[in-house]
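Using the sequences and the accompanying hints, generate a full structural model.
Number of protein chains: 2
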Amino acid sequence: MKAEIINVGNEVLLGYVLNENASFLSKKLASLGIELMCHTVVGDQSGSIGSAFRKAWERVELIILTGGMGTTVDDITKEVVCQEAGLALEKSLDWEIHLEKLYEKVGIELEEKRRKQAYVPEGAVLMPNENGTAPGIIIELQEKLIILLPGPPEELKPMVEQSVVPYLERKASAGIIKTRVLRVIGLGEATLEQRLSELIDLEGNPRVVLMAQHTEVHIYVTVKGDDQSRVQEMIQETEERIKGKLGSFLYGAEEETLEEVVAGFFFEGEFTVATAESCSGGLLAHKLTNVPGSSNYFVRGIVCYSNEAKMELLKVPKEILDTAGAVSEETARIMADNIKSYAMADFGLSITGYAGPSDDPMEPVGLVYIALSTPRGTYCQRCNFWGDRVSIKEQSAVYALNLLRLYFLGFTE
Amino acid sequence: MKAEIINVGNEVLLGYVLNENASFLSKKLASLGIELMCHTVVGDQSGSIGSAFRKAWERVELIILTGGMGTTVDDITKEVVCQEAGLALEKSLDWEIHLEKLYEKVGIELEEKRRKQAYVPEGAVLMPNENGTAPGIIIELQEKLIILLPGPPEELKPMVEQSVVPYLERKASAGIIKTRVLRVIGLGEATLEQRLSELIDLEGNPRVVLMAQHTEVHIYVTVKGDDQSRVQEMIQETEERIKGKLGSFLYGAEEETLEEVVAGFFFEGEFTVATAESCSGGLLAHKLTNVPGSSNYFVRGIVCYSNEAKMELLKVPKEILDTAGAVSEETARIMADNIKSYAMADFGLSITGYAGPSDDPMEPVGLVYIALSTPRGTYCQRCNFWGDRVSIKEQSAVYALNLLRLYFLGFTE
Chain A
0 MKAEIINVGN EVLLGYVLNE NASFLSKKLA SLGIELMCHT VVGDQSGSIG SAFRKAWERV
60 ELIILTGGMG TTVDDITKEV VCQEAGLALE KSLDWEIHLE KLYEKVGIEL EEKRRKQAYV
120 PEGAVLMPNE NGTAPGIIIE LQEKLIILLP GPPEELKPMV EQSVVPYLER KASAGIIKTR
180 VLRVIGLGEA TLEQRLSELI DLEGNPRVVL MAQHTEVHIY VTVKGDDQSR VQEMIQETEE
240 RIKGKLGSFL YGAEEETLEE VVAGFFFEGE FTVATAESCS GGLLAHKLTN VPGSSNYFVR
300 GIVCYSNEAK MELLKVPKEI LDTAGAVSEE TARIMADNIK SYAMADFGLS ITGYAGPSDD
360 PMEPVGLVYI ALSTPRGTYC QRCNFWGDRV SIKEQSAVYA LNLLRLYFLG FTE
Chain B
0 MKAEIINVGN EVLLGYVLNE NASFLSKKLA SLGIELMCHT VVGDQSGSIG SAFRKAWERV
60 ELIILTGGMG TTVDDITKEV VCQEAGLALE KSLDWEIHLE KLYEKVGIEL EEKRRKQAYV
120 PEGAVLMPNE NGTAPGIIIE LQEKLIILLP GPPEELKPMV EQSVVPYLER KASAGIIKTR
180 VLRVIGLGEA TLEQRLSELI DLEGNPRVVL MAQHTEVHIY VTVKGDDQSR VQEMIQETEE
240 RIKGKLGSFL YGAEEETLEE VVAGFFFEGE FTVATAESCS GGLLAHKLTN VPGSSNYFVR
300 GIVCYSNEAK MELLKVPKEI LDTAGAVSEE TARIMADNIK SYAMADFGLS ITGYAGPSDD
360 PMEPVGLVYI ALSTPRGTYC QRCNFWGDRV SIKEQSAVYA LNLLRLYFLG FTE
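Respectively, the protein sequence lines represent chains A and B. The opening residue of the first sequence carries number 0 in numbering that gives the first Met the number 0; numbering runs sequentially from there. The opening residue of the second sequence carries number 0 in numbering that gives the first Met the number 0; numbering runs sequentially from there.
Hints listed in this document are in silico derivations from the structure and should not be mistaken for laboratory results. We put the beta carbon where it would ideally sit given N, CA and C, even for glycine. Do not rely on the hints blindly, as some may be mistaken.
With the C-beta cut set under 10 Å, the calculated list includes, among others, these residues of chain A facing chain B [what the hints assert, rightly or not]:
{"id": "1", "residue": "28"}
{"id": "2", "residue": "138"}
{"id": "3", "residue": "152"}
{"id": "4", "residue": "208"}
{"id": "5", "residue": "210"}
{"id": "6", "residue": "307"}
{"id": "7", "residue": "385"}
{"id": "8", "residue": "387"}
{"id": "9", "residue": "392"}
Distance condition first, Cα-Cα at most 20 Å in a straight line; then the derived EDC-like pairs of lysine to aspartate or glutamate [stated by the list, open to error]:
{"id": "10", "chain 1": "B", "residue 1": "100", "chain 2": "A", "residue 2": "358"}
{"id": "11", "chain 1": "A", "residue 1": "27", "chain 2": "A", "residue 2": "254"}
{"id": "12", "chain 1": "B", "residue 1": "115", "chain 2": "A", "residue 2": "192"}
{"id": "13", "chain 1": "B", "residue 1": "112", "chain 2": "A", "residue 2": "200"}
{"id": "14", "chain 1": "B", "residue 1": "177", "chain 2": "B", "residue 2": "111"}
{"id": "15", "chain 1": "B", "residue 1": "314", "chain 2": "A", "residue 2": "192"}
{"id": "16", "chain 1": "B", "residue 1": "115", "chain 2": "A", "residue 2": "188"}
{"id": "17", "chain 1": "B", "residue 1": "112", "chain 2": "A", "residue 2": "358"}
{"id": "18", "chain 1": "A", "residue 1": "54", "chain 2": "A", "residue 2": "188"}
{"id": "19", "chain 1": "A", "residue 1": "26", "chain 2": "A", "residue 2": "60"}
{"id": "20", "chain 1": "A", "residue 1": "1", "chain 2": "A", "residue 2": "139"}
{"id": "21", "chain 1": "A", "residue 1": "242", "chain 2": "A", "residue 2": "226"}
{"id": "22", "chain 1": "A", "residue 1": "115", "chain 2": "A", "residue 2": "93"}
{"id": "23", "chain 1": "A", "residue 1": "27", "chain 2": "B", "residue 2": "19"}
{"id": "24", "chain 1": "A", "residue 1": "100", "chain 2": "B", "residue 2": "362"}
{"id": "25", "chain 1": "B", "residue 1": "104", "chain 2": "A", "residue 2": "387"}
{"id": "26", "chain 1": "A", "residue 1": "112", "chain 2": "B", "residue 2": "188"}
{"id": "27", "chain 1": "B", "residue 1": "1", "chain 2": "B", "residue 2": "34"}
{"id": "28", "chain 1": "A", "residue 1": "1", "chain 2": "A", "residue 2": "60"}
{"id": "29", "chain 1": "A", "residue 1": "104", "chain 2": "B", "residue 2": "358"}
This is the structure we're talking about:
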């Protein structure tokens, strides 16, 4: 099956927003073995949408359109596609009821113009939208598939995961391409390339590619073949060889985040954790609490930016702050130990450092101490990060989570 | 001046990463009045890079290449461009010293392969990279401009802002296109469209376009003309008319974030703030501390996920938690008042709500109370957000910041 993506929206054409939908969909289509021919970005005019649609209709079996599904005057994708495909728009009572409930919940009136989202092409299958009001739409017509998706990525992505992929999995079956993403933390791209030199292969089958992503590196293993179980086997063999070379630097796979991996250990052991943050400013707590169910293990967090807060809330002695300093191993250890004991948690995790910007040579930007207080003792890591303020905050929080993960794996001793 | 963007990288071609560089650059070029003809995505093979470069060389005066500037074997953009343009690669001593310092700082050996980043095309101008090791490169050749940028967006973006834009501003001067972005919070796209119905114009001059972006809506005002001051005047006139219709819903312009606007009020009044968060899990503190210099006004933050933490750290009475509940106006008000007084801050800001997911009808996901304790009294806002956990955390933190902003504007009374 061949596919084409048409992204509708002046805001994308003119670069006002990033076209993350194109990348997201490309990846999903590749993993389904669907060949993506091209992606086109057009503005909100019916002429351009119609012409892009007609060209795609001639060339491919699957046309995915994103954007132009909202309630404003320039949202016309559904209307143009119906016109081109010769389909009528019909009101979906289910979706209208769904809209009424949503609008009632937030106390906004469901005006007539907002009801236009309940009108869908005849014979279409609707896909639920957990983050918005526009339905996703699937049209099967003359051996071809047309899929209409809302433009906002936070609406499109869950819809693709939950509805589009399962649907296409049933439809697309010629040739198999599987990709597995392995996630690495604590090794840079260049070091990783050395360690995996025998395995990295940009053109082969399996194809092994590295991709640096902010604080991590991702390894993409792609296998092509005709036999589902042989493809799966080759993926597994390659993954095992990579595991053998990387050990605990490999922390997860696919969309798994570091905080989810860490959450797994907490759920398993019914452990609890409390945090004490200085330079990371709450980002560590934010990451930990992004995981559903984190209220079971995350008991409290302190953001102690000022020395007063460090003394009052975490009983860091004034002498330590005066002699060793607020950014020091001593302070980090006391912060971790004390938040653990005050919160009566199993673990205390602390971060103190210089996120910058600063021209003061006594405040070297990027110097960060991370301490983990555990039932078996307290561990401290000294880090030298580089980058801007936001990047140093990010690295601090990620390395703190990783210290927790390494402890659970038994590698800190 | 006409331009073309070439994004190099298998990871972009196959959709493994989003092509945010293309959108970012499109926007920057538009604001400079440079006409972007197309953008092409190619893989890491010298054949494809070379062929894309030759085509661009025939068609446009400005070629921007992104990606393939790292230290790994598949990073060959610089080499291919030199080959195509007939330029030699020469070692930059300045950049080599820069690399030596960076690597020494993080304690990693500067191996020979990493030194390849110090080799640059003869006669090139180098641009600093505050978040990485690859230099940005500008080549002026036969009346044309070639700009090479690193692929990671966190490296590319500051480089474009700080070096590429000022450089191109001096080079590009034919015809003027100016875009001004106005940022709105607290009004949805559809409501905004009604309020601005007389002003919205997708094709005109000025062109006025709305774009919903997660928790906010952005208004893009674009004016074309030949006369710099007339263009500026038209932008200002349109902005004034929009201001007249939106008042305090308009919170900022251009790249200004809500937390930066709020920071402005704190710096101005030398005020301090402390936060007490439940469902937002530290995100509010994280946002506040993303602003450089925030240690001057952000004194402390508490993330009190458990009822025990709410009672112990914020002295929320057990009776209130038992009767009104942890998610209630009463609890939000006490959290805000008490964090303010314990931290001896001028303002206390609290958030308590249900971020979900939950099937318990007693825990309506999206119900969030935000309270602001001020020298003049305590204000509380009840919100019904929708979306997933991460989205509800985001909306909670953003609306809390907005409550602070509205207070400073005098609109809460």
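Structure-based check of all given hints:
no., hint, verdict
1, 28, "8 Å, holds"
2, 138, "24 Å, violated"
3, 152, "9 Å, holds"
4, 208, "6 Å, holds"
5, 210, "5 Å, holds"
6, 307, "7 Å, holds"
7, 385, "7 Å, holds"
8, 387, "6 Å, holds"
9, 392, "7 Å, holds"
10, 100/B to 358/A, "17 Å, holds"
11, 27/A to 254/A, "12 Å, holds"
12, 115/B to 192/A, "15 Å, holds"
13, 112/B to 200/A, "19 Å, holds"
14, 177/B to 111/B, "45 Å, violated"
15, 314/B to 192/A, "53 Å, violated"
16, 115/B to 188/A, "15 Å, holds"
17, 112/B to 358/A, "32 Å, violated"
18, 54/A to 188/A, "41 Å, violated"
19, 26/A to 60/A, "18 Å, holds"
20, 1/A to 139/A, "15 Å, holds"
21, 242/A to 226/A, "24 Å, violated"
22, 115/A to 93/A, "13 Å, holds"
23, 27/A to 19/B, "18 Å, holds"
24, 100/A to 362/B, "17 Å, holds"
25, 104/B to 387/A, "15 Å, holds"
26, 112/A to 188/B, "12 Å, holds"
27, 1/B to 34/B, "5 Å, holds"
28, 1/A to 60/A, "6 Å, holds"
29, 104/A to 358/B, "16 Å, holds"
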